[in-house]
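Peer 1: These are the residues of each chain, in order.
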Amino acid sequence: MSDDREAILGRVRSALAPLTERAPLPAYDTEIAVLRKLLANRDPLAVFADRLRGVNGTALTDIPALVKYLRDGKWLHGYCDPALWPRLASHFGPDFQVETEYDRTRVDDYAFGITRAAGGIAELGTVILKDGSTSRRLAALTPWVHVAVFSRAELFVDLPQAIAALGDDPNIIWCTGPSKTADVEGILIEGVHGPGVQIALVLD
Amino acid sequence: MKFQQIDQFAAELRADTRAAVYDGSKKGHEKRTKLLFDEYPDPNRLRVLAGQVKQHVIENLDTYLPAVEAKLKANGVIVHWAATADAANETVLKIMRARGATKMVKAKTMVSEETELAHFLEKHGMEALETDLGEFIVQIDHDHPSHIVKPIIHKNRREIATSFEKNGLGAYNDDPQTITRRARQFLRHKYLEADVGLTGGNFISAESGRLVLVTNEGNSRFCLAATKCHIAMVGIEKIVPRDRDLALLLNLLARSGTAQDLTVYTEFISGPKSATQPDGPEEMHVILVDNGRTEVLASDCRDILRCIRCGACLNVCPVYRQASGHAYRSVYPGPVGAVLSPLLMGDRFKEKADLPKASSLCGACQEVCPVNIPIPDLLLRLRDKGKQEGLSSPGTPPMGAWALLASQPLAWKASLIGGRLMNYLPTKLVPVPALRAWEAKRTLPPWRGGEFRKWLHNRPTKP
Chain B
1 MSDDREAILG RVRSALAPLT ERAPLPAYDT EIAVLRKLLA NRDPLAVFAD
51 RLRGVNGTAL TDIPALVKYL RDGKWLHGYC DPALWPRLAS HFGPDFQVET
101 EYDRTRVDDY AFGITRAAGG IAELGTVILK DGSTSRRLAA LTPWVHVAVF
151 SRAELFVDLP QAIAALGDDP NIIWCTGPSK TADVEGILIE GVHGPGVQIA
201 LVLD
Chain E
1 MKFQQIDQFA AELRADTRAA VYDGSKKGHE KRTKLLFDEY PDPNRLRVLA
51 GQVKQHVIEN LDTYLPAVEA KLKANGVIVH WAATADAANE TVLKIMRARG
101 ATKMVKAKTM VSEETELAHF LEKHGMEALE TDLGEFIVQI DHDHPSHIVK
151 PIIHKNRREI ATSFEKNGLG AYNDDPQTIT RRARQFLRHK YLEADVGLTG
201 GNFISAESGR LVLVTNEGNS RFCLAATKCH IAMVGIEKIV PRDRDLALLL
251 NLLARSGTAQ DLTVYTEFIS GPKSATQPDG PEEMHVILVD NGRTEVLASD
301 CRDILRCIRC GACLNVCPVY RQASGHAYRS VYPGPVGAVL SPLLMGDRFK
351 EKADLPKASS LCGACQEVCP VNIPIPDLLL RLRDKGKQEG LSSPGTPPMG
401 AWALLASQPL AWKASLIGGR LMNYLPTKLV PVPALRAWEA KRTLPPWRGG
451 EFRKWLHNRP TKP
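For the record, the sequence lines run as chains B and E. Oh and the first sequence: position 198 is 198 in our numbering, straight run, nothing missing. Oh and the second sequence: position 397 is 397 in our numbering, straight run, nothing missing.
Hints in this document: simulated from the structure, not taken from any laboratory. Among these hints, one or two may not hold up.
Unchecked claim - Chain E stretches covered by chain B per the calculated footprint, using a threshold of three residues with CB under 8 angstroms from any CB of chain B: (1) 12 to 25; (2) 48 to 58; (3) 305 to 319; (4) 334 to 345; (5) 351 to 360.
Claimed, not checked - Calculated from the model, a selection of chain E residues having no Cβ within reach of chain B, i.e. all distances over 12 angstroms: (6) Thr102; (7) Met126; (8) Lys150; (9) Ala226; (10) Pro376; (11) Ile417; (12) Asn423.
Think of the CB as a built atom: it goes at the ideal place given N, C-alpha and C, for glycine as much as any other residue.
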């Protein structure tokens, strides 16, 4: 409402008019928010794997390990981004049923979803999904297991680096471990609305 | 005997509710402190800095608001302004009607609690479903959240299991995992049926127009993956100057609120979905909501607008832990609520003028605040405002007798003897009714009056 716009801005201006000086924007280096001790002299991928484990996620570095993980968990029916499937298909056995088209009327059919991630953040064990590279937002969210695939070179070391690289994608989501809640008596439960298992598959 | 409302509420609180709130908030506070001090050599530097950034924003809203508006528009977002709660709700309703929508899924947003959006939409024939697990339980129970981050901190699993059973979500089962799975199963189909997803906004960057949303459950992401229209209701104070400031604030928000290094889902949204993405909103609206904030900005308590809604001050507050959130009769409980809630009442300030008194002024709330809000100072300013406006305060002993004693040396000396007698006087025999009421709820330390005078007389004089 344009009347409301003028009313609000008018009230803001008159509220601030009596201030003789306004608080300045402090100059600072975002380095102060970085857990440098944790990162110092370590391979970012090793830190990433540790940090992801810390939030009950799992980092894997080869495709057979992923296939074994899914098979061990009996997650045999799922979705895979059609652009990734040619590289993965030969590793999946006939016991798997993998669809490269996601049907939103059958959300409960997909035990896993494999989608492309735009990268990761070592400092926090975070995977970065961008609209431009995620084949389907729903496929990365509704299956019990989400596998985010990115390459080692796409790993950021720390959070300020990842912020600086947000770019112009209209929707970016950082996922740090599986979906969780502690709403009921403070007890941690994973897999509330999103995945109960978060995997990062980091390839060379 | 008449007590202040908050004392009365605390006195009548069920023991298991008090225990749930006490344990939940204490644990939250301890985890937060351990995490921050384990990870950072000086976490105080971070919060002082974050406070300066947010103070800068609120003192320059006259330039930041138009800047944000311009960025949002350039990003393809439709911007609305709402001066009041009603205006905000009407705007949402209008957007829904224009789309022919009847179903909304809602992520957790405090500003929509202020405006009571879900009730409003239901009254107008819309379905508006809360999707955050805690808020969903509050909604099916026709209850109110009692904490800004942990809305059902006051409920135990048995109460939740009972209301799930009553609402057709399966036979009684109070296992938290079963409760969560049932909600997951029920809600995922609701997301997929809905046309509109409503969220709040934790931050908006003036530099890029990015709206930042944080959740742990993934419900806001589901709202924005399943629906075709995104409406974000955002308070006008939520702006940050630049994207890089998010590095500071995101690190502090998760650690202060839930003792996590980062929330599970941190979403940066700068417009409708990209053309190649099959899922998500084709239309995005941001409603910039005032609802009393400009009055707070005009007051000497404007610092409270720095608040990033982490809930750390609730968790540490000795009054909140004993009284629970509902004692504050407001959307915002705890120390932040004791400042913000009366101020947001505008010219009905007096209805909540008692809240600033619900504090021992111990200062813990400021010590934990990720944006270093001087809450104890603000509480004192509001107590003063209440006094200046001549508002009465039940349960407070009259101070006239005190003023007389303190200004008459002889009367004072005589009263010291009387004071000593108080050590031996049972509470129910205290002669002044108001004092009796006050003492019934508090334990005074033993009276040691006169010690200072003795010391003063006997102190060594200067050579």
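Peer 1: Over 12 angstroms to the closest beta carbon of chain B is the bar; see if Met126 (chain E) clears it.
Peer 2: holds, 20 angstroms
Peer 1: Report holds or violated for chain B covering the region 305 to 319 of chain E, Cβ cut-off 8 angstroms, minimum 3 residues.
Peer 2: violated (count 0)
Peer 1: Cut-off 8 angstroms, C-beta pairs, minimum 3 residues; does the coverage of the region 334 to 345 of chain E by chain B stand?
Peer 2: violated (count 0)
Peer 1: Compute the least Cβ-Cβ separation between Ala226 (chain E) and chain B, then decide whether it is above 12 angstroms.
Peer 2: violated, 7 angstroms
Peer 1: Per the coverage rule (Cβ-Cβ under 8 angstroms, at least three residues), is the region 12 to 25 of chain E covered by chain B?
Peer 2: holds (count 3)
Peer 1: Should the label of Ile417 (chain E) as a non-interface residue stand, given a Cβ cut-off of 12 angstroms to chain B?
Peer 2: The assertion about Ile417 (chain E) holds, with a minimum of 51 angstroms to chain B.
Peer 1: Test coverage of the region 351 to 360 of chain E by chain B using CB-CB distances below 8 angstroms; three residues minimum.
Peer 2: violated (count 0)
Peer 1: Could you let me know if the closest chain B CB is still more than 12 angstroms away from the CB of Lys150 (chain E)?
Peer 2: violated, 7 angstroms
Peer 1: Over 12 angstroms from every CB of chain B: does Asn423 (chain E) meet that, or does the non-interface label fail?
Peer 2: holds, 42 angstroms
Peer 1: Mind verifying the non-interface call on Thr102 (chain E)? Its CB should be farther than 12 angstroms from each CB in chain B.
Peer 2: Since the minimum Cβ distance to chain B is about 19 angstroms, Thr102 (chain E) lies beyond 12 angstroms and the statement holds.
Peer 1: Check whether three or more residues of the region 48 to 58 of chain E sit with their beta carbon closer than 8 angstroms to a beta carbon of chain B.
Peer 2: holds (count 5)
Peer 1: Grab the minimum beta-carbon distance between Pro376 (chain E) and chain B and tell me whether it stays above 12 angstroms.
Peer 2: holds, 20 angstroms
Violated hints, listed in ascending order, are 3, 4, 5, 8 and 9; each of the other numbered hints is respected by the structure.
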